[in-house]
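There are 4 protein chains.
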Amino acid sequence: MPKPKILLDPHSRKSEWLFAPEEWQRLTDLAEIIWGKDDPIPPESFASVAAELTAIVTCGWRFGPLDALPRLRAILEVGGSHPSPRLLDYTACFQRGIRVLSCAPAFGPVVAEMALGLAIAAGRGIVEGDRLMRSGEERYSRAGNQDAFTLYGKRVGFIGYGGLAHSLQPLLAPFGCEFLAYDPWLPASYIQRQGVTPIGLDTLLSTCRVIFVLAVPSQENRGLIDRRRLELIQPDATFLLISRAYLVDFDALVELVNQGRFRVAIDVYPDEPVPPDHPVRRSHNTILSSHRAGHVPEDFRAIGRMVVDDLEAILHGLPPAEMQSAQPELVGRLR
Amino acid sequence: MPKPKILLDPHSRKSEWLFAPEEWQRLTDLAEIIWGKDDPIPPESFASVAAELTAIVTCGWRFGPLDALPRLRAILEVGGSHPSPRLLDYTACFQRGIRVLSCAPAFGPVVAEMALGLAIAAGRGIVEGDRLMRSGEERYSRAGNQDAFTLYGKRVGFIGYGGLAHSLQPLLAPFGCEFLAYDPWLPASYIQRQGVTPIGLDTLLSTCRVIFVLAVPSQENRGLIDRRRLELIQPDATFLLISRAYLVDFDALVELVNQGRFRVAIDVYPDEPVPPDHPVRRSHNTILSSHRAGHVPEDFRAIGRMVVDDLEAILHGLPPAEMQSAQPELVGRLR
Amino acid sequence: MPKPKILLDPHSRKSEWLFAPEEWQRLTDLAEIIWGKDDPIPPESFASVAAELTAIVTCGWRFGPLDALPRLRAILEVGGSHPSPRLLDYTACFQRGIRVLSCAPAFGPVVAEMALGLAIAAGRGIVEGDRLMRSGEERYSRAGNQDAFTLYGKRVGFIGYGGLAHSLQPLLAPFGCEFLAYDPWLPASYIQRQGVTPIGLDTLLSTCRVIFVLAVPSQENRGLIDRRRLELIQPDATFLLISRAYLVDFDALVELVNQGRFRVAIDVYPDEPVPPDHPVRRSHNTILSSHRAGHVPEDFRAIGRMVVDDLEAILHGLPPAEMQSAQPELVGRLR
Amino acid sequence: MPKPKILLDPHSRKSEWLFAPEEWQRLTDLAEIIWGKDDPIPPESFASVAAELTAIVTCGWRFGPLDALPRLRAILEVGGSHPSPRLLDYTACFQRGIRVLSCAPAFGPVVAEMALGLAIAAGRGIVEGDRLMRSGEERYSRAGNQDAFTLYGKRVGFIGYGGLAHSLQPLLAPFGCEFLAYDPWLPASYIQRQGVTPIGLDTLLSTCRVIFVLAVPSQENRGLIDRRRLELIQPDATFLLISRAYLVDFDALVELVNQGRFRVAIDVYPDEPVPPDHPVRRSHNTILSSHRAGHVPEDFRAIGRMVVDDLEAILHGLPPAEMQSAQPELVGRLR
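Protein chains in written order, with the numbering used here: chain A, 50 to 384; chain B, 50 to 384; chain C, 50 to 384; chain D, 50 to 384.
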């Protein structure tokens, strides 16, 4: 019997980034790869194969209505978030039982490590300490640690208790932190059973020593953390902007941190690349990272492994085990 | 019945650094504090009280022979290492059953956090990434992570598997690292049962991706990690000098790292303060910290709590539970 | 605005078993309870309310086709397994986006504790040891432990790596066991990343010291563990029948264990109650339990909490977080 | 240079019980074995070798004063508790720096597993449930679980927070228990940092659902848990007598449990073997075990491994890492 046909059109990712050789071998054993190049497939080429496709591996959605894809059983996206409902007809997907899968879970551990690293770097002054050693202004031992603090036993707040928080919490657990979370999409008792106290956003901001912004952007949370809320943050707290700048009043954030209101570590920005003259580049009390939390080459290939695992499951008539299935309730809420 | 007399002479520490108010209260309830100032007690003052002292809280040992201290039951040192056997007569201590206790365990967690923070900062380019953002040279996402690596699943080597390693291992455990250790003072099967593979030093250096120098200085390990051994380290490995520069050929280390042989994070130096013109200040592929791993003010008071806990135990005729008792076999070996 | 109408018809469960007072309060605040009695709702009564129902809390499915339920958004079953596809039209559920939720996850921890307790009881001879003390035939210390073994470091096999195994594995983790699993519904690399080695069933049976049968009954696994496979089990192994007798050739199991081939602990039987004269009642090398692993009264109310949490989520337009959603791929496979 | 001479006189243990072949090989490579038989060495034979012995591996102490042992550096006892101070001159040991080591730590994990198994068996009715299945009186599911309870989230009390508690706590941790401990030999803040609440004995007995007696017998704790204290135990609690009957008013315990006051699991008795007509044999609400918690043959050889490891360390001039060193403060307190 012929192998099922899979469209592999990962642009703007590259197949070589996604698949380790052994995963590529498994993939090609499993299915007939259509296209498989790093440029987007031309519309006419797509039209000629659409009717036979069992699954599509891609970023976002640029393939129009699903009527042209009668055999489609799965959409596996390798960008990091489900395709926009403005582009993909999710209602048709759910009615036809087409799985819409995101590789977002692949980023959890890698981003969590960066978030932890930035939190320790901020609390222990690792970036500033290196600068002082090079400028000859360093101070030693206690004298150099006047503003330092450790994570041990601290109150930590998660804004958004989804995949990133689930990857970060075990890294913080050995420090004996107290965990709080704000997540309006989850039942309080579910959060509690994870060893986390569900809490209102204002209370989280005003009482936590370390605050991680981990929520995905939604219709409801644009600018959620506005100036008023930023002003609730304690002077000696660290605020870490990890998931998306979209959730924060970024100008207010830069302004407040430059006033020395609290410490900040930032990996994501309203516009990337950040404009050359953007004030954040000259900000104080900040550690800046250029959207580097997620994409570490050697770990990136976890995406390919997930894609092959779940494709294999689906082709065997089993549910996917690794990628994140789109949920009917959330599709309309995501941005 | 009168309270036992305790000499509190913590110089060069300060009592206020060591004791939180509630611990100070417990201490003064427990014993009559003699001296208790931050300057060293003058010899004549000491001579006038020596005969009545039940315990001495101090750094190092500057009180001469033990004959003058007939009632002494415990020496609690708050500097971080047992007094030198050249100054303190340990044989007399062991024969008289005088406990010689070090607060070294108080530093384990704080130093371990810094070691983890430096390891992540080196692997993820946190220090360099901040510098590039400020100079406008940053690159984003994958392009900015060409040399980045995570701790997940990496082979990690501990040089010295004592207190620091025991504090660091649980922080690394969630990353699923493979642990190796070189420690000639511990039985192989003991190390194995901690989930760590005992290994020779050369193999550790040549096979580990992340290497932590955590051993205490001894008669045997000065310059243990010499140029030949440093040259065994893999190009993409990170070498973290955490416990003491004494164990390493420091000049060779700086020279090799400047050749781009591997990455280094350094918290301790042969001479501190580091001379203004020392080449390490201009080194590449390094993260520099000015001996700031251990002494974080708010955590420092763990020392006072340990001192009071163990003093209380000893005065009640119980063994100390928190500080580190000098071991007859090791006294002669420590430096 | 009026509260949504929820049919509460938990027969053969009882509402009082399911809902702690505080959960009952939350439930009634959230929705208008229809019926709510412990007997099944009469068809005519159901017919009169069906059109207005937003959700149904029940065991199994006795409400016919879904056409009569135009507003239905969720079916929350409180029996422990999804309704039979012979009774419920899952295709319609998936097309209409009706959530079909099972309380099965509520049983995981309770069953896992019993499975662990039976495994220790078998390895340490707890049941037999008590009998001998009462009959005066006991032997002490080593003499009484000739056949005893501990779980420490043993090779443990999970037949079925679903919810029960996920609840049991953390209870076994502190014993440093080596974990193997046979589960044809999961990708090998997914199992591996849980710290478990995926393995063939025959190898599992012939190499594990402790074997847990944890799989749910499916179209494919009736009598999966037949006489030939049972004969693969090592003489000193313990075989624990926890999920369903359906997976095993039960007569062969009793016969082999009576020959002293291995040890067995059994909580589930082909027919319950077990016939008075069934040979299993007189079996040797066995620990028998009367289907008591799952239903512990004080823990049973976790079901009610899950029902209210997920109902709340669904009524707020959010995905359920606690109960198990029916998966299109599995519906046809479950029995 | 000649090998050091070690007296191996383990009576009433047997060398074959203690040493796996590979450990025996290590031992004989390390030292010249004197005697090495399972009967006690005759006094005259001992006298002829005493002067040359570097270490003695034995149970208890039957070798008289230490003057006859000028070269002795270590006493390694393989019975499970340090030799009685009435037989061994500890003062001389401490003055001469002779290590007195106990193999007690080898028993921790094995006893902890039994303690956990008994706790689950009592809470889940495993012993009684098996009896009922055999007598045909069993009831199923909820009806059979009216008195059952799980460990999840329960308040657990440790009477004695030494080695056994340290081995048991990690086995209970996955159940999310709340831990309390009574141990007058440990500082409260030390206990707290283990995640355990230090508490008075009466409060522990009157508030815990599961109570483990784990303390070693001392001069101070004979009959510590007397009738008055036993009467504090809650009706639905389980009381587990694991370490020594010496700590409990045993007659009162049997009497109260027969009144149905609470549940009990017993592994240790005032007299062993228990007299044939002792009422405990006919007691209700009890699970009885004949001092079988500690001595499981395949795990017993951990003792030999510890002996060889620590002997090796000591002969290399290093401190022992595995066995328990006698503490001057405790010697006089132990019974």
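These are computed hints drawn from the structure, not numbers from a lab.
Mixed in with the good hints there might be a few duds.
Which copy is meant is left open, so a pair is good if it fits within one copy or across any two.
[What the hints assert, rightly or not] Subject to a maximum C-alpha distance of 20 Å in a straight line, what follows is the list of computed EDC-like cross-link-like pairs (lysine to aspartate or glutamate):
(1) K52 / D326
(2) K63 / D196
(3) K54 / D285
(4) K203 / D298
(5) K52 / E269
(6) K54 / E227
(7) K86 / D251
(8) K63 / D348
(9) K203 / D348
(10) K52 / D300
(11) K54 / E186
(12) K203 / E347
(13) K52 / E304
(14) K54 / D196
For this structure, which hints from the list above don't hold up? 1, 3, 4, 5, 6, 7, 10, 11, 13 and 14
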